[in-house]
Amino acid sequence: MKIIITFLKNLPAPLFAKEGNNRSVFDKEENTSLWQREVRRDFINTIHAITICLAIAVIFLLLISSASFAATAEDVMKKSQAAFLYQGKDFKSRVMMKLVSKGGQERIREMTMLRKNYGESGGNQKYFMYFFQPADVKDMTFMVYKYPAKDDDRWLFIPAINMVRRIAAQDKRSSFVGSDFTYEDVSGRDIEDDTHTITKEEKIGNKDCFVVKSTPKAADVDYSYKLSWVDKAAFLPIKEEYYDKRGELYKVFTADEVKEVKGFPTITKRTMKNLQSGHMTEVTYLKADYNIGIDDNLFSERFLKQPPKKWIE
Amino acid sequence: MKRFSLVEFSVNHPKLVVALSIIITLIFMTQFPKMRTDTNPKNMLPATSDVRMWNDEVEKTFSLYEDMIALGIVNEKGVLNKDTLSRIQRITDEILKMKGVAARDVSSFTTIDNVSVEAETLKVAPLMTKVPEDEKGIEYLRKMLYENPLFINRIISKDGKTTAIYVPLEKGANGKEIADRIREIVKKEKGDEQYYIAGDPVARDTFGAEMFKLMAIFAPIAGMVMLTVRYLMFRDLFLSFALMMDAMISIVWSMGLLIGLGYPIHIMSSMAPVFLMAIATDSMHIFNEFYFRYRETRDKKKAIIETMRAVSRPVRNTALATAAGFAVLLFMNIIPVKVFGGLVAFGTVALRILSFSFIPAMFTFVKDEKIEKIARSEDIGSDKTSQFLMKLAGLGIHKPVMTVLAGLLLFVVAIIGIAQAKVNNNLVEWFKKGSDVRVADTVINRALGGTSLGYVVAISKEDDYIKTPEAMRYLDGLQRRLEKLQVVGKTTSVVDYVKRINVVLHDDDRKYDVVPETKDIIGQYLFLFAMSAKPSDLDNVVDYPFKRANIWVQLKTWDAQAMRDVIKAVEEYKKDNPTPMELKPSGIAYFNLVWNDEVLGDMVKGFVLALIVVFGILAFDFRSVKWAIVGYTPLLFTILLIYGVVGFIGKDFDMPISVLSCLSLGMAVDFAIHFVSRLRQRLQETPQESLSDALLWTVARPGKGIVRNAVLFAASFAVMMFAPLTPYITVGAFIVSMMLLSSVMTLIYLPALITLLQGWLFKGGLR
Numbered sequence: 001m002k003i004i005i006t007f008l009k010n011l012p013a014p015l016f017a018k019e020g021n022n023r024s025v026f027d028k029e030e031n032t033s034l035w036q037r038e039v040r041r042d043f044i045n046t047i048h049a050i051t052i053c054l055a056i057a058v059i060f061l062l063l064i065s066s067a068s069f070a071a072t073a074e075d076v077m078k079k080s081q082a083a084f085l086y087q088g089k090d091f092k093s094r095v096m097m098k099l100v101s102k103g104g105q106e107r108i109r110e111m112t113m114l115r116k117n118y119g120e121s122g123g124n125q126k127y128f129m130y131f132f133q134p135a136d137v138k139d140m141t142f143m144v145y146k147y148p149a150k151d152d153d154r155w156l157f158i159p160a161i162n163m164v165r166r167i168a169a170q171d172k173r174s175s176f177v178g179s180d181f182t183y184e185d186v187s188g189r190d191i192e193d194d195t196h197t198i199t200k201e202e203k204i205g206n207k208d209c210f211v212v213k214s215t216p217k218a219a220d221v222d223y224s225y226k227l228s229w230v231d232k233a234a235f236l237p238i239k240e241e242y243y244d245k246r247g248e249l250y251k252v253f254t255a256d257e258v259k260e261v262k263g264f265p266t267i268t269k270r271t272m273k274n275l276q277s278g279h280m281t282e283v284t285y286l287k288a289d290y291n292i293g294i295d296d297n298l299f300s301e302r303f304l305k306q307p308p309k310k311w312i313e
Numbered sequence: 001m002k003r004f005s006l007v008e009f010s011v012n013h014p015k016l017v018v019a020l021s022i023i024i025t026l027i028f029m030t031q032f033p034k035m036r037t038d039t040n041p042k043n044m045l046p047a048t049s050d051v052r053m054w055n056d057e058v059e060k061t062f063s064l065y066e067d068m069i070a071l072g073i074v075n076e077k078g079v080l081n082k083d084t085l086s087r088i089q090r091i092t093d094e095i096l097k098m099k100g101v102a103a104r105d106v107s108s109f110t111t112i113d114n115v116s117v118e119a120e121t122l123k124v125a126p127l128m129t130k131v132p133e134d135e136k137g138i139e140y141l142r143k144m145l146y147e148n149p150l151f152i153n154r155i156i157s158k159d160g161k162t163t164a165i166y167v168p169l170e171k172g173a174n175g176k177e178i179a180d181r182i183r184e185i186v187k188k189e190k191g192d193e194q195y196y197i198a199g200d201p202v203a204r205d206t207f208g209a210e211m212f213k214l215m216a217i218f219a220p221i222a223g224m225v226m227l228t229v230r231y232l233m234f235r236d237l238f239l240s241f242a243l244m245m246d247a248m249i250s251i252v253w254s255m256g257l258l259i260g261l262g263y264p265i266h267i268m269s270s271m272a273p274v275f276l277m278a279i280a281t282d283s284m285h286i287f288n289e290f291y292f293r294y295r296e297t298r299d300k301k302k303a304i305i306e307t308m309r310a311v312s313r314p315v316r317n318t319a320l321a322t323a324a325g326f327a328v329l330l331f332m333n334i335i336p337v338k339v340f341g342g343l344v345a346f347g348t349v350a351l352r353i354l355s356f357s358f359i360p361a362m363f364t365f366v367k368d369e370k371i372e373k374i375a376r377s378e379d380i381g382s383d384k385t386s387q388f389l390m391k392l393a394g395l396g397i398h399k400p401v402m403t404v405l406a407g408l409l410l411f412v413v414a415i416i417g418i419a420q421a422k423v424n425n426n427l428v429e430w431f432k433k434g435s436d437v438r439v440a441d442t443v444i445n446r447a448l449g450g451t452s453l454g455y456v457v458a459i460s461k462e463d464d465y466i467k468t469p470e471a472m473r474y475l476d477g478l479q480r481r482l483e484k485l486q487v488v489g490k491t492t493s494v495v496d497y498v499k500r501i502n503v504v505l506h507d508d509d510r511k512y513d514v515v516p517e518t519k520d521i522i523g524q525y526l527f528l529f530a531m532s533a534k535p536s537d538l539d540n541v542v543d544y545p546f547k548r549a550n551i552w553v554q555l556k557t558w559d560a561q562a563m564r565d566v567i568k569a570v571e572e573y574k575k576d577n578p579t580p581m582e583l584k585p586s587g588i589a590y591f592n593l594v595w596n597d598e599v600l601g602d603m604v605k606g607f608v609l610a611l612i613v614v615f616g617i618l619a620f621d622f623r624s625v626k627w628a629i630v631g632y633t634p635l636l637f638t639i640l641l642i643y644g645v646v647g648f649i650g651k652d653f654d655m656p657i658s659v660l661s662c663l664s665l666g667m668a669v670d671f672a673i674h675f676v677s678r679l680r681q682r683l684q685e686t687p688q689e690s691l692s693d694a695l696l697w698t699v700a701r702p703g704k705g706i707v708r709n710a711v712l713f714a715a716s717f718a719v720m721m722f723a724p725l726t727p728y729i730t731v732g733a734f735i736v737s738m739m740l741l742s743s744v745m746t747l748i749y750l751p752a753l754i755t756l757l758q759g760w761l762f763k764g765g766l767r
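Heads up: the protein sequence lines correspond to chains A and B, in order.
Take the first sequence: its letters are residues 1 to 313, numbered as in our numbering.
Take the second sequence: its letters are residues 1 to 767, numbered as in our numbering.
Just so you know, these hints were derived from the structure itself, not from any lab.
Glycine included, every Cβ here is placed at the ideal spot set by N, Cα and C.
Treat the hints loosely; a few may be bogus.
As a list, the in silico DSS-like pairs of lysine-lysine whose alpha-carbon atoms are at most 27 Å apart [as the list claims (entries may be wrong)]:
(1) Lys245/A - Lys123/B
(2) Lys651/B - Lys605/B
(3) Lys245/A - Lys433/B
(4) Lys171/B - Lys245/A
(5) Lys126/A - Lys150/A
(6) Lys207/A - Lys138/A
(7) Lys547/B - Lys138/A
(8) Lys79/A - Lys213/A
Under 7 Å between C-beta atoms, here's a sample of chain A residues computed to sit facing chain B [said to hold, decoys possible]:
(9) Lys98
(10) Asp136
(11) Arg165
(12) Arg166
With these hints in hand, go ahead and build the complete structure from the sequences.
Written as structure tokens, this is what we have:
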């Protein structure tokens, strides 16, 4: 952008200089009539004007197209965020998480997850989670206030000692309940935190996808860049590849099942696989639902301790 | 009689034989570029062995890394200052970028999870996300470090002067490359800090490099030493070279075969060239006899054939005995020892075939005048060596009882020495004292929890049992008991995390530094921990269904005894405190213990086998059990003496020594075979001679060959005493003393015993 502006500023000078040059050439033709000179001058001016106009138009077009490209990549990600993490006013689902170790050992997490949006897509959100499994954590609840461009607030209720604790949330890249998903993978990453470019378009299965490369602006992230395959129709991420600081592929996200729920295409089965540790997490959404009218006061310490049955069942 | 035709054929077609030998050698040589080494101590035992299967299972269950490099950072002024901390951060960042490093599980100030409470907020985050700017920040970090028992002796020493970065490696990563790159990184840092790189992969790869050094530098030096000594003995460069070639050819054949069959070179097989070179000296007897014979016949061809006729039987049988001594190793449990046995046995057989073909062929190329010149000096009467040997033997012949009694006394002393020996394999002590590997190990062991790692795995029958307070308390008690042992530097288990969370959730109230009351609390604490910590934190200490827990036991020494102490303490604790859980040892320290015991078992088994086999060969060769017993005694005696000395000086009986016990029998028995067969031959050839005169002749003529053989043998192994790794030094010293002692013992004790027992030995008359 900067380059183009500088270019524009510098542009007129050589153009006028050129004109001055031309004029002096005509000035030398002393035997030509004044009229003739007038006509010629007019003609030359017109040509100059056209040239300038054309140049500006070309530059403008260039500007537009580059801006529109940039806008497209960011746009795709914004639309994807909206479709993936901000769909509806609120959302509820029974979530089954299966953590599979390299050796094939499994751990199950079962919870009800409630989410409510505050404001536009990319804005604030509140999450409420109630755990059913593992058995000894039944009744445990977890609440997240998610703010873009700011550390989340997190609270955990530990029923065995009847205690609600605030949990520091410095690192959005840390594991979500011991799975291969990070908090960010669950609740989303600020679009502005990365620079996005569309590297290519590709078909995955029968879905046409944009392939977007997102490179974090800050260095404190565990990956150097991410490639997302975003479905052109529903704008859901079909696949994501995370590359580590050494440039090696190390985590792969796949959307394994997409269903329509109340008209919203929803990823109901997803997998995150860590290629380096061999660990894998499969997540299944059961009974997913949108726009069920979750109360604001659900997201409070009181309900953390005693969540209303109607919301968690 | 087939072999005789081989000799004759070789004498008649010398050029063909030599050309053929060289062509075969070149074929074997083509295999050399495929050479690879294996320095992983794990491969001492087969992959299917119980201990390895169990260790693999434990590694898999608890997502443990097979290989870990520890970078120790020492600052005498303390590591908790801005400069050192910045360095730690920089170095860690660089390490995380390295290929082959399991970056997700590198433990350092900037990556290790710390559970803390701050303004009522529970925090699970890396200990140090950025270097503290001021004194206050550093004080806070100090508080965090020393408050958390999980950190003390792991990433910070009690005196605050030492920290460590633990770098786990991905499977198949090259430990040496990574260690070298870490060295480069720390070299860039200028400051007071000292850096020490320790860990299994580093030791292993250093070992591999030293092994190549041994083969590429020490074996050739040994060859040169032998060449020189031989030249001094015979003053004939051509023959010295012929013998040298003989050894080289067999080395190339056997190493080529080993590599061609796809076996990696291991510590034991790396010694094979030196062994083969030494065994090749047995053809000394051919030379020895040849010069004597030539003096008598003055016909080269005839002398060769006669020589071969005279020495063929002893040479053949000594080769058989040596090969058998090594072949016994094929029955051992330790793989490298097995491979080594087969390798050298093959080489020995190859050597003997060469003795009957290549060597006679080479003889024909020597000019007659030259042989004449050398042969002239080979005269019993005027030769100083022979005279000295005759004096030595006179001792045994004239005062047999005294000699034998003196021997018995020594025997008793030796037994006492052996009783004091202790079987131990300490892999780190295979490196010399001042070596980088050992220094790093010592520094880290002194300051932190210990580099040798063992595990105690608690196995319950039902899922989630580990979450019960009784299981937790049990493990806690066991850890405290283990920590009382001198050799244990630190223990870590899932209990430490639970207790830590209990304290932190109760605002750092030390009262809560205990196992919580109920299973639910424990389960929820663990869940809470797993919500934000690195998955490996929990995975390393507990399995998925919470059925098994893993206690990490860091040991301050690599001695096998350390893990034995741990196991004993575990058993005692279990006896005092019954539990439904099974407690099983695992880890590299446990592997070393098992392997160590295998070495002992192998030593006993191998020794007994070698005794039987060698005795059988002797009896077969002499066609007499009586003579076999007599021939056996001096060499058995020598071995006992040497082991006695090993016991007295307190050197560990380790794998190389135990292997030598079998080998030395097979090698030293050569002397007895030569002596007895030549004596009996002499008695038959000269019926008018008295027994003592015949004995004296034997000592002077074949005896000289024996001593020459022993000196050559010893000379080649003496080179190994300057090697950079202690097992080589041990082997060198052992063989040198073995050879010299057993040759002298043979020459003193055989005449003494034969004189003393002549009535029994020559029952049917002297002849």
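Each hint, compared with the structure:
no.: 1; hint: Lys245/A - Lys123/B; in the structure: 26 Å, holds
no.: 2; hint: Lys651/B - Lys605/B; in the structure: 21 Å, holds
no.: 3; hint: Lys245/A - Lys433/B; in the structure: 39 Å, violated
no.: 4; hint: Lys171/B - Lys245/A; in the structure: 19 Å, holds
no.: 5; hint: Lys126/A - Lys150/A; in the structure: 14 Å, holds
no.: 6; hint: Lys207/A - Lys138/A; in the structure: 40 Å, violated
no.: 7; hint: Lys547/B - Lys138/A; in the structure: 20 Å, holds
no.: 8; hint: Lys79/A - Lys213/A; in the structure: 15 Å, holds
no.: 9; hint: Lys98; in the structure: 11 Å, violated
no.: 10; hint: Asp136; in the structure: 3 Å, holds
no.: 11; hint: Arg165; in the structure: 5 Å, holds
no.: 12; hint: Arg166; in the structure: 4 Å, holds
The structure is inconsistent with the numbered hints 3, 6 and 9, although it conforms to all the rest.
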